[in-house]
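A.B. asks: Residues per chain are reported as follows:
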Amino acid sequence: MAAEKPLTLNMRPDGAALDRAAYERAGGYGALRKALKMSPAEIVEEVKASTLRGRGGAGFPTGLKWSFVPVNAPHPRYLVANADEMEPGTFKDRLLLERNPHLLIEGMAIAGYATGTDVGYIFLRGEYKLAAARIANALAEAYAAGYLGANILGSGYGMELRLHLSAGRYMCGEETGMLNALEGKRANPRAKPPFPPVSGLFGKPTTINNVETLCNVPPIVANGAAWFRGLSRGKDGGTKLYGASGKVNRPGIWELPMGTTIRELLEEHAGGMLDGFRFRGLLPGGASTDFLVEQHLDTPMDFTEVQKAGSRMGTGTMIVLDDKTCPVGMTWNLTHFFAQESCGWCTPCWSGLGWAERVLKAMEEGQGQPGDLEKLAFQTRFWAPGHTFCALAPGAAEPLQSALKYFREDFERHITEGRCPWR
Amino acid sequence: MATVYVDNQPYDMNAGQNLLHACLSQGMDLPYFCWHPAMGSVGACRQCAVKQFKDAEDKRGKLVMACMTPVAEGARISLRDPEAVEFRRAIVEGLMLNHPHDCPVCDEGSECHLQDMTVMTGHDYRRYRFEKRTFRNQYLGPFVNHEMNRCIQCYRCVRFYREYAGGNDLNAFALRNIVFFGREGDGVLESEFAGNLVEVCPTGVFTDATLKRHYTRKWDLQMAPSICVHCGLGCNTTAAERYGMLRRIINRYNGEVNGYFLCDRGRYGYEFVNSEARIRQPLLEGRPATPQAALEILRGLAPGQAIGIGSPRASLESNFALRQLVGPGHFYAGIPGSESRLLKLMLGILRDGPARTPSPRDIENCDAVLVLGEDVAATAPRMALSLRQSVRRQPMQTAERLHIPLWMDHAVREAVQDEKGPLFLATTNTTRIDDIATRAFRGSPDDIARLGFAVADALSGAGPGPALPTEIAAALKAARRPLVISGAGNRSQAIIQAAAAVAHALPGAALAFTAPECNSMGLTLMDAPSLEDALQAEADTLIILENDFYRRLPAPDIDRFLARFHRVIALDHLRTPTTAKAHVVLPAATFAEGDGTLVSSEGRAQRYFQVFVPAEPIRESWLWLGPWANLDEVNAALASALPQLAAATRAAPPATFRIAGAKIPREPHRYSGRTAMLANITVHEPKPPEDPDSALSFTMEGDFEGKPDQPPAALLPFFWAPGWNSIQSVNKFQEEIAGPLRHGDAGVRLIEVGRPSGTAAAGVPPGAPGESPAAGPNGRPTGEWLVVPLYHVFGSEELSRHAPAVAELAPAPYVALNPEDAAGFGPEVELFGARVPVKAAPDLPRGLAGVPAGIPPFAGLDLPAWSRISPPR
Amino acid sequence: MLSPEERAEIEAEFPHYPNRKAVCIDAMKIVQKRRGWVPDEALADIGELLGMSIADLDGVATFYNLIFRRPVGRHVIYVCDSVSCWIMGSDRQCGHLSERLGIQLGETTPDGRFTLIPIVCLGACDHAPVMMIDDDTHFDLTPARIDRILERYP
Ligand SMILES: Cc1cc2nc3c(=O)[nH]c(=O)nc-3n(C[C@H](O)[C@H](O)[C@H](O)COP(=O)(O)O)c2cc1C
Ligand code: SF4
Ligand code: FES
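Which chain is which? The protein sequence lines are U, E and L, in order.
The opening position of the first sequence corresponds to residue 1427 in this note's numbering, with each subsequent residue numbered one higher.
The opening position of the second sequence corresponds to residue -12 in this note's numbering, with each subsequent residue numbered one higher.
The opening position of the third sequence corresponds to residue 34 in this note's numbering, with each subsequent residue numbered one higher.
Chain U with its partners taken away, still in its complex shape (with noise of 0.2 Å):
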């Protein structure tokens, strides 16, 4: 399975999922079989070997992440996968789950024998009903080989895997509010410490990692730490589904070395702008990264690398803004969207997420006022890392405290000319 695209390689070109005998002929479960020959400890020192980290937004070293469950810790253990993808312009896990739903599986049940778990969740949101139809599918093909269930494949080694589809909320895709919609209740965020591994779903531990990220694991263990490492053209190992999506020629998502730069991407893989349109910046890996310019074009997507240039990867799925649409438009847009999906908990959030949609919707429609900007450069600061309950906040805050640095001559039209320009 030594491949340069690990992810994508084996998906069918007519968009069907592949089914288990075809997984199987390209050499699928097979990982499953060597790691479960492996002890767990070895797993995970091979997967932080590998410097996978996770594809869920934050990149929290996955191998380090799998560590934190005590060795002694009480069962039922968990392991969830994070199937929500709510994040806008984020498209990513969506193709892995349509097309190649036995590599979630097996990357669950090698991250589940090495962290001890007894039970695991598909954590999928609702909308996404073809994957929904696909993954149980998939989940009763590998139950009837024994990849799944009581004694996997003979080895003593045991895991339930069940499907749950979400109602629909983008809380839910943090991971402990999604503990929160699995145990049927308002998926308000919990605090943290005590983290999942320690206290998780049900009180007990739990492990919760991304789609993409379950996904590497299968080759990981399959071709090794050092392959792996070798498939990146930077620090963090492995591909990356990057995507883009906007006025480009080509909108789309493409499995690339990680470290790919946002020039090429843009440019060769999403086939440059529109006819008509001009480049103004992009948010690099959805909603909830802060916007990047030209001068940026040439870094590479990577989590270290564009953190240097001031934002996040992210997703890896870029939205691209062009010339002929408002960024004071799509700040609002974005705003509300984090306004809408506020769970209500905590004040900065649900207060400031608020305002702040009521003031960009304001200069929208031409009612901007001086001081405006002032205010919702504070509300920014006012959602920093740690001042809010979650990350939901401090999300919300990178596109608009980007915008208003990069963009700060629309806003202060919006309001000197009491209207949208591009209206």
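Careful: at least some of the hints might be erroneous.
Covered stretches of chain L, going by a simulated chain U footprint (3 or more residues, C-beta under 8 Å) [said to hold, decoys possible]:
#1 48 to 54
#2 67 to 77
#3 98 to 105
#4 110 to 122
No more than 30 Å apart at the CA atoms, straight line, and that leaves these computed lysine-lysine pairs for DSSO-like [what the hints assert, rightly or not]:
#5 U/Lys1801 with E/Lys46
#6 U/Lys1474 with U/Lys1618
#7 U/Lys1750 with U/Lys1801
#8 U/Lys1611 with L/Lys66
#9 U/Lys1463 with U/Lys1673
#10 U/Lys1431 with U/Lys1661
#11 U/Lys1460 with U/Lys1474
#12 E/Lys46 with U/Lys1831
#13 U/Lys1611 with U/Lys1673
#14 U/Lys1801 with U/Lys1831
#15 E/Lys694 with U/Lys1611
#16 L/Lys54 with U/Lys1611
#17 U/Lys1801 with U/Lys1787
#18 U/Lys1611 with E/Lys407
#19 E/Lys719 with U/Lys1831
#20 E/Lys119 with U/Lys1787
#21 E/Lys694 with U/Lys1618
#22 U/Lys1750 with U/Lys1673
#23 E/Lys49 with U/Lys1618
No wet-lab data here; the hints were simulated from the structure.
Don't be surprised by glycine CBs; every beta carbon is placed ideally from N, CA and C.
Assemble chains E and L with the ligands onto chain U, guided by the hints.
C.D. replies: Using the frame of chain U, we list chains E and L with the ligands on its own:
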């Protein structure tokens, strides 16, 4: 202890706590909303932000929420840091975006925590220029008013109501900035602790609906420390008056008794004081008379001419005054023998046995509980709230193992999930705490006693016994602080003995008994014969102290009894069937209109203080009956006559007590209109009444602010501190937040453990299964039912029944039968001569019939009793 | 009353979670799948089955956006209003839908055929603007395409 540097000053702080708790304990002003001293931290409001520095070198620091940050040795924080100050100001601004601008007309105004915190953080100008969100309010029943537009989304209400008090009909709905806190629709809040929302809510979303009907601002209320008279637990309250009308009751913190919470009977029962049924002047043969005429009759009694019957709902002083008037040999306790024997038994067990009786607060820390025979949720509701905390003790060990501080409330709940520690209930019928019970056993009173003895046997290692007693014994044995609770509800000596047997078989176990009325224990300590004994007594005159016999024994017996006397003199607050038969009726002051001492079921003597001087000629019964000029004189006589009660007279300082030469004012600084209140009658400024009975004054003069000498906090008529106008100002009067009040919590415990643990108690006859005194179900007379009392939070207690809001929630009379038994009858039956509807009670054992205790026509029955049930004629 | 099928389907979820309360979201979705929304009576029945109060359930139901506590049309149209679709003109497509159906966002057509509601990013940003009708996602919307698509939902 840990040294924490706050703005570069070192402080000794308790290492187990969070920084908010610890800073408040140091007397600092740090604003907060979502944190509550009894409910811990959840980090929602973000109001308590402070700057934390890594070390002395760190100049930048970062903002942390004080309530979510543990106190750590050497920690450095700043409250004054400009970024922290600005952040806290911005939080209040955020909370105020949707808040109405109606402080001047809002019923929370002047005691609003939001108002206080807004001022504290310095937010004064509103920059938000958009429309506010608005909600529809709900009807939540007679106790609590709902005004959702004032909500600041701190989640305290649902945390208290659902998580702390176990209610499930109130919730948070929707999300973002439009979270709605209410019921699924209009309707009466189901929890009997709903009234605490009024205090838990930091703003005016939940307010006192009874106060609203006769609204008065806090600063216009004349207040006094008081004791709840609606059950035997002795919760501390603050009672408040204006223009001669009692306006409301709120919780008064007592670290050992009720902590921060009351039950709704205690909070809303007060309106009996304002009732139409009050006796307001002396009556002679039904006609108004002067106080002098009445007093002449009392003073003219020859020795031995009268017998006196006291009351478990009258103060020690009033009972004592009657006892002195008629002579100790002619004084009776005014409770039926069935109850009196039980109370004496309980007292003996507590005084002479090895088991300590816990304070209500101690109960929260007990980690395995057996409740034998008593429906505590109905007879001592606040105790049930403590039990809801005690079932969390054992599961909390899970959190401790995971190093989760216990004040991290949600983290603890998430780690523990629905796990509950052992609580075993043995009652005749369902109770309101069944939801937290490990197991609920239902049986007749004798079955319950047998279960108790079987548990005691199992504890003494009597070999393998039946499953349930063995399970209970094992759970109690494994606990660190086991507790046995029982009470007089079923009038069963065997149950009390069984409870004692269990507690005494468990080294270190606590034993709590509920007492039926607010001074049942005090009266029992006076050691007087029972009401039935009085029925035999011969005398010319009968004096009845604050007692309606028709609620104690069957009417025909009482009719015959009262008819035997040449003259019946009754003192009471309200017209009752008993006062209707009296030749002389005297208006007695209620708890709000007089001073006195009550002894709670725990044996804690506590003083209540006159809130206002009632209209002439209403006065305390002790003042009608005795020769004394003031309370201290009564108490001096009482202490020498009844040494066992001498300590009770020290429940409060004498009337001569002064702080900085002054009395303690009952009226806040801003009390308005005192000099003009009667201007429509006379323009001469009235002289404030004197208070000869206590160290409190009926004025607003007396300023201890910042002075070295401070009144004992337990003596303060209200809690107020600069910048802290709401009830949360109690923070400023505790030795440590959620700990004892400064200078000690109110009350003196009269009963302490007599014997060292491990020795068997005297006075407890050995009980064995089947040996209980009453006939067991097998001995049931054919065709008869054992009628047992079923208690109701609202309706079973005498005085609160006269409060309209409470009366609204009292049940109509019924008879409850097991459905299989009920099948033999139609929808209505006749019982004790009354026709009542049949209610199916699946949990009630067959052969038992339940009737609502204290509710006419069943109020005067001495239950349990055997009776026929017949189809209606 | 829950239908026997609904009840059976809810009960089939029990083994998937360590306690019944955790099933509540699934339970409400199961009812909604059959009835289009979750009426009060159903909430009461689910509560009884799971040991929850109506307020417990409604607190959960009102948190999430895919549980409907009011009736909806035969088909629910979810138009994506998030950023990529917005850049690609979702406002105009949404306006077209509104005009065609004669209803605003949040409303149901008088004939009960369609309910139109906004939804956050549907994860198909490379084919923006996007909408979902019932279980199907429709990509690269234009007014003409929208008209054709609507015909498929009687
Ligand atoms: C508001 C919010 C929404 C999130 N949504 C998602 C999501 O949809 N999918 C995801 O994988 N991670 C999401 N995350 C990140 C998760 O909390 C978590 O970090 C991630 O699932 C961990 O997996 P990883 O370590 O494999 O990246 C979200 C975080 C926040 C604060
Ligand atoms: S930042 Fe606060 S209100 Fe916003 S989603 Fe997180 S916890 Fe909820
Ligand atoms: S009191 Fe600390 S966050 Fe609310």
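A.B. asks: Is the straight-line distance between the alpha-carbon of U/Lys1460 and that of U/Lys1474 30 Å or less?
C.D. replies: Holds. U/Lys1460 to U/Lys1474 sits at ~17 Å (cutoff 30 Å).
A.B. asks: CA of E/Lys49 to CA of U/Lys1618, is that 30 Å or under?
C.D. replies: holds (17 Å)
A.B. asks: Closer than 8 Å Cβ to Cβ for three or more residues is the test here. Does the region 98 to 105 of chain L pass it with chain U?
C.D. replies: holds (count 3)
A.B. asks: Is the Cα-Cα distance between U/Lys1463 and U/Lys1673 30 Å or less?
C.D. replies: Judged against 30 Å, a Cα distance of about 49 Å means the pair is violated.
A.B. asks: For E/Lys46 and U/Lys1831, compute the direct alpha-carbon distance and say whether it is at most 30 Å.
C.D. replies: holds (27 Å)
A.B. asks: Mind checking the alpha carbons of U/Lys1750 and U/Lys1801 for me, to see if they're no more than 30 Å apart?
C.D. replies: Holds: U/Lys1750 and U/Lys1801 sit about 26 Å apart, inside 30 Å.
A.B. asks: Checking one constraint from the list: CA of U/Lys1801 to CA of U/Lys1831, max 30 Å. Satisfied?
C.D. replies: With Cα atoms ~14 Å apart, U/Lys1801 and U/Lys1831 stay inside 30 Å; holds.
A.B. asks: Run the distance test for E/Lys719 versus U/Lys1831: straight-line Cα separation, threshold 30 Å.
C.D. replies: Distance ~46 Å between E/Lys719 and U/Lys1831 Cα, so the pair is violated.
A.B. asks: What's the verdict on U/Lys1431 and U/Lys1661, does the C-alpha distance respect the 30 Å limit or exceed it?
C.D. replies: Cα-Cα ~18 Å, so holds.
A.B. asks: Checking one constraint from the list: CA of U/Lys1474 to CA of U/Lys1618, max 30 Å. Satisfied?
C.D. replies: holds (23 Å)
A.B. asks: Is E/Lys694 within 30 Å of U/Lys1618, Cα to Cα?
C.D. replies: With a Cα-Cα distance of about 44 Å, the restraint between E/Lys694 and U/Lys1618 is violated, given a limit of 30 Å.
A.B. asks: Are at least 3 residues of the region 67 to 77 of chain L within less than 8 Å of chain U when you compare beta carbons?
C.D. replies: violated (count 0)
Taken one by one, the earlier hints fail for this structure at numbers 2, 9, 13, 15, 19, 21, listed in ascending order.
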